[in-house]
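Protein chains in written order, with the working numbering: chain S, 2 to 295; chain W, 2 to 295.
Treat the hints with care, as some may be off.
Using 25 Å as the maximum straight-line C-alpha spacing, the simulated SDA-like pairs for lysine to any residue come out as follows [to be verified]:
| no. | chain 1 | residue 1 | chain 2 | residue 2 |
| --- | --- | --- | --- | --- |
| 1 | S | Lys23 | W | Cys123 |
| 2 | S | Lys23 | W | Phe180 |
| 3 | S | Lys184 | W | Gln212 |
Just so you know, these hints were derived from the structure itself, not from any lab.
Protein chains: 2
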Amino acid sequence: MLSIYKEYTDGVKSMKIIKSPKEMTDFALEAKAQNKTIALVPTMGALHEGHLSLIDKARSSADVVVVSIFVNPTQFGPNEDFDKYPRQLEEDAKACQERGADVIFAPDASDIYAPDASTYVCEESISTHLCGKSRPKHFRGVTTVVTILFNIVRPNIAVFGEKDAQQISIIERMVRDLFMDVKILRAPIVRDSNGLALSSRNKYLDTLERQGAARVHQSLLAGKRLVHDEGCTNIDRVKALVINHVTNAKTRVIYVDVVDASTSLPVQTLEKGKCRISMAVWYGQTRLIDNILI
Amino acid sequence: MLSIYKEYTDGVKSMKIIKSPKEMTDFALEAKAQNKTIALVPTMGALHEGHLSLIDKARSSADVVVVSIFVNPTQFGPNEDFDKYPRQLEEDAKACQERGADVIFAPDASDIYAPDASTYVCEESISTHLCGKSRPKHFRGVTTVVTILFNIVRPNIAVFGEKDAQQISIIERMVRDLFMDVKILRAPIVRDSNGLALSSRNKYLDTLERQGAARVHQSLLAGKRLVHDEGCTNIDRVKALVINHVTNAKTRVIYVDVVDASTSLPVQTLEKGKCRISMAVWYGQTRLIDNILI
Numbered sequence: 002m003l004s005i006y007k008e009y010t011d012g013v014k015s016m017k018i019i020k021s022p023k024e025m026t027d028f029a030l031e032a033k034a035q036n037k038t039i040a041l042v043p044t045m046g047a048l049h050e051g052h053l054s055l056i057d058k059a060r061s062s063a064d065v066v067v068v069s070i071f072v073n074p075t076q077f078g079p080n081e082d083f084d085k086y087p088r089q090l091e092e093d094a095k096a097c098q099e100r101g102a103d104v105i106f107a108p109d110a111s112d113i114y115a116p117d118a119s120t121y122v123c124e125e126s127i128s129t130h131l132c133g134k135s136r137p138k139h140f141r142g143v144t145t146v147v148t149i150l151f152n153i154v155r156p157n158i159a160v161f162g163e164k165d166a167q168q169i170s171i172i173e174r175m176v177r178d179l180f181m182d183v184k185i186l187r188a189p190i191v192r193d194s195n196g197l198a199l200s201s202r203n204k205y206l207d208t209l210e211r212q213g214a215a216r217v218h219q220s221l222l223a224g225k226r227l228v229h230d231e232g233c234t235n236i237d238r239v240k241a242l243v244i245n246h247v248t249n250a251k252t253r254v255i256y257v258d259v260v261d262a263s264t265s266l267p268v269q270t271l272e273k274g275k276c277r278i279s280m281a282v283w284y285g286q287t288r289l290i291d292n293i294l295i
Numbered sequence: 002m003l004s005i006y007k008e009y010t011d012g013v014k015s016m017k018i019i020k021s022p023k024e025m026t027d028f029a030l031e032a033k034a035q036n037k038t039i040a041l042v043p044t045m046g047a048l049h050e051g052h053l054s055l056i057d058k059a060r061s062s063a064d065v066v067v068v069s070i071f072v073n074p075t076q077f078g079p080n081e082d083f084d085k086y087p088r089q090l091e092e093d094a095k096a097c098q099e100r101g102a103d104v105i106f107a108p109d110a111s112d113i114y115a116p117d118a119s120t121y122v123c124e125e126s127i128s129t130h131l132c133g134k135s136r137p138k139h140f141r142g143v144t145t146v147v148t149i150l151f152n153i154v155r156p157n158i159a160v161f162g163e164k165d166a167q168q169i170s171i172i173e174r175m176v177r178d179l180f181m182d183v184k185i186l187r188a189p190i191v192r193d194s195n196g197l198a199l200s201s202r203n204k205y206l207d208t209l210e211r212q213g214a215a216r217v218h219q220s221l222l223a224g225k226r227l228v229h230d231e232g233c234t235n236i237d238r239v240k241a242l243v244i245n246h247v248t249n250a251k252t253r254v255i256y257v258d259v260v261d262a263s264t265s266l267p268v269q270t271l272e273k274g275k276c277r278i279s280m281a282v283w284y285g286q287t288r289l290i291d292n293i294l295i
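Full structure from sequences and hints, please.
And the structure:
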């Protein structure tokens, strides 16, 4: 039985699990006083190989690797899956330790948000598109909690996965606009053998469904082929093909769009190597997102 | 002639004027590497004795005093006085130097805001009251620029004047909610011999008008007397007295309210020593605010 919130050692390497923001900041300041650099991997837990690849990237980029595990209430809408979102701190801690993390920062929601908390960080351009349309306060929750985590953990570097490409674009914009001293690193999407992008929400799917959900990635590949093999530069045609390819009785499109690969903003002209097809679907009761550089 | 943006020495003490955010951060990091503490006095320039008292407080609280001078466009509404707001950097620099500031940070707006800047810090509770009602995006501009200044200047301490009591409450809330590592100090209102609270906007008034505008403070004193001398605890009566006292052909009330002295939120019961009467008026074409602890 893992002793949560204490030093965690099982012969591989010592790893701390810290719950208190104050203790986390003290740890960070001590590391910085020793001229160590800190890389943060912000997660909501339920770690999969995608998250672990972020830890690898953090591990090779800084002296100290902090993985935050926090199912952030403010980024869920009122009818979303906050309550059923998977929570498995012990399993996550084991995976983090094996991958060489130094600290897990796992605060309670009450450690992060005062009952009368009323301050938010809002990105108001990029966040109005794509997932921002159907999840109106989602990105406000993300930018707010990432700001809080940055202020507590004091990272030099933070690593985010490109499955959430729009999220990275928004965080890069926030860091630039507010002069935050954190370097944002992007890590590529990790997929299962069928091509399904790894996501903690894949836990909602059984084995057969995971095979079926692979059609999301297949539709993106079809869109990319249309551009690269047939030379199509008509954005409407690319979108229509992807929508047609993915839709079936179980898979309903929320959006498919062609956006700038860096900013995630809509583009008027499709330039190979500089654009991304981004999409979200309902696969049964599960919301899935994916994207591909084209 | 003062050589702006260079080392500024005239025999009293050397003071730097820095325009570039990067240079400002480099200066701050160097000071911190020498274990020096930094106090920031954020201003929009047109410095008066009120601002200078903030510099005094900063001077006695930290090793390095930075005064930022930046007429922040995002805190002005479309029909407000951004264009005519007084700008007098040379005079301000002289005053700062005489008062012992180490650095003036005076960026251009284009140094602070990218053309496509889209990230804001928003306080959504306190800022909806008092001045927030008639200046709907004002406090969003304030919290955003203060966050940016904190991230550039890296202060341990920041000093704000209590004339803008609601502003201080909002900044204290923001600092708490977002885990910013800055201690906020409050400095009392400085008044002229007639009682008029010092404000850069008093420059819009001639001598006679400044005498007339003193009725704002007098009305607050009348409200305070009603509470302290007559034992009145009825908030409506206090507000009515102040409104009646201040209103004349030239002075039109925007709001008068009794609020919590610390949070600036409306109160239901008047507790002596814990409340503040806050008010804003149009005095001719000039918007004046003032408040008093009761």
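We went through each hint and held it up to the structure:
no. : hint                  : in the structure
1   : S/Lys23 <-> W/Cys123  : holds (24 Å)
2   : S/Lys23 <-> W/Phe180  : holds (10 Å)
3   : S/Lys184 <-> W/Gln212 : violated (54 Å)
Figure legend: structure checked against the earlier numbered hints; the only hint not met is number 3.
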